Amino acid sequence: MKLLPIIAFASLLPLATHAHADSDFPYVDENCGYTTTYDAPPERAVTLSNNATELMLALGLEAQMVGTSYMANMTISPQYEEAYNTVPILSPLVATTEQLIDAEADFVYAGYPDGFSESRHTRDQLHDLNMTTRLNTEGCNLGKFGFDELYEEIRSVSGIFGVAERGEALIANMQARIADIEERLEGVEPIPVFIYNGGEDTPRAVLGNTMLSHVVGRAGGMNILGDIDNRYGSTSWEQLVEQAPEHIVVFYSGTSSGQVVENPEVNLGQARVATLEANPIIAGVPAVEEDAYTLIVSVIGQPGPSSVDALEKLARAFHPEAFE
Numbered sequence: 025m026k027l028l029p030i031i032a033f034a035s036l037l038p039l040a041t042h043a044h045a046d047s048d049f050p051y052v053d054e055n056c057g058y059t060t061t062y063d064a065p066p067e068r069a070v071t072l073s074n075n076a077t078e079l080m081l082a083l084g085l086e087a088q089m090v091g092t093s094y095m096a097n098m099t100i101s102p103q104y105e106e107a108y109n110t111v112p113i114l115s116p117l118v119a120t121t122e123q124l125i126d127a128e129a130d131f132v133y134a135g136y137p138d139g140f141s142e143s144r145h146t147r148d149q150l151h152d153l154n155m156t157t158r159l160n161t162e163g164c165n166l167g168k169f170g171f172d173e174l175y176e177e178i179r180s181v182s183g184i185f186g187v188a189e190r191g192e193a194l195i196a197n198m199q200a201r202i203a204d205i206e207e208r209l210e211g212v213e214p215i216p217v218f219i220y221n222g223g224e225d226t227p228r229a230v231l232g233n234t235m236l237s238h239v240v241g242r243a244g245g246m247n248i249l250g251d252i253d254n255r256y257g258s259t260s261w262e263q264l265v266e267q268a269p270e271h272i273v274v275f276y277s278g279t280s281s282g283q284v285v286e287n288p289e290v291n292l293g294q295a296r297v298a299t300l301e302a303n304p305i306i307a308g309v310p311a312v313e314e315d316a317y318t319l320i321v322s323v324i325g326q327p328g329p330s331s332v333d334a335l336e337k338l339a340r341a342f343h344p345e346a347f348e
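The numbering of the sequence shown is the numbering used here, which starts it at 25 and goes up by one.
Treat the hints as calculated values from the structure; they're not laboratory data.
Note that this is a predicted model, so its numbers are computed, not measured.
We put the beta carbon where it would ideally sit given N, CA and C, even for glycine.
Incorrect hints may have been included.
Simulated restraints on C-beta separations [what the hints assert, rightly or not]: (1) A268 to E122: 49 to 55 Å; (2) V290 to I113: 21 to 27 Å; (3) D152 to D204: 42 to 48 Å.
Hey, can you work out the whole structure from these sequences and the hints?
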């Protein structure tokens, strides 16, 4: 059975600046404690994270985008590259307030909380500048986050822009791909997995209230720290020995200490594998003994349309026999 191909909806859907019916509006968006009423779709959107960028592009909304940011030195997923290249890159880090003003943004969308903060700009500050905002609801940390919550995120963004049918088409494509992967995994025994987010003295971990933890579970794994009701946190090397993961997912982005990293796959992803292999405390952990590592960059590890790509990659890594 073949896996369904990734569909770049930006190339399949008709492009129009106002691709909506009058009956779609007003649209009321309830998001992380903010209520926003849209009388018409935004026309000058800016994204503050890679997963927000990909979701917009997956909905064919590049014509309504005047800027992206926070890709650092990571690479957009190939199915969105052509559309991505038509949108200005405002910054390799989170776009500043001044850059948003210069772009005359009327909608600012962040895929995770880094986009809105006291040190950059709060949502209230942007609202005072006549910019509407949205935060992917995983960033609200309201509890477990999975594909069902991601589908609602897609529905909300497509509703804001009056392209609900595109949102449903994207969701249907994702559901079909997931169903095919899970059919292959039927009957497999889940393996214990540690999701490593860096750190030498104290290992940082991806915890239970994340899309990546959910994806690990759907891929035939079990996040050993998935019962912790938070997004990110720390553990200890001794706990890792006790829990004996059989696979380690190495999660990384394109920045370190707030700075853009050159070649993040090597200097963050592979460097974290080297850190694990050099640690004598965990030398006997099954995943380390078997070199069972999979690198997941935040472009596909954060909640967005490429979460299905992360699911397939991890399913193949955890249970290669199911894909022979």
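Do the hints match the structure? See the list:
1. For A268 and E122, the hinted distance range of 49 to 55 Å is satisfied, since their beta carbons lie about 50 Å from each other.
2. Taken as a hint, the range 21 to 27 Å holds for the pair V290 and I113, whose Cβ atoms sit roughly 22 Å apart.
3. The beta-carbon spacing between D152 and D204, approximately 47 Å, falls within the hinted interval of 42 to 48 Å.
Going down the numbered hints, you'll see the structure goes against none, and every one checks out.
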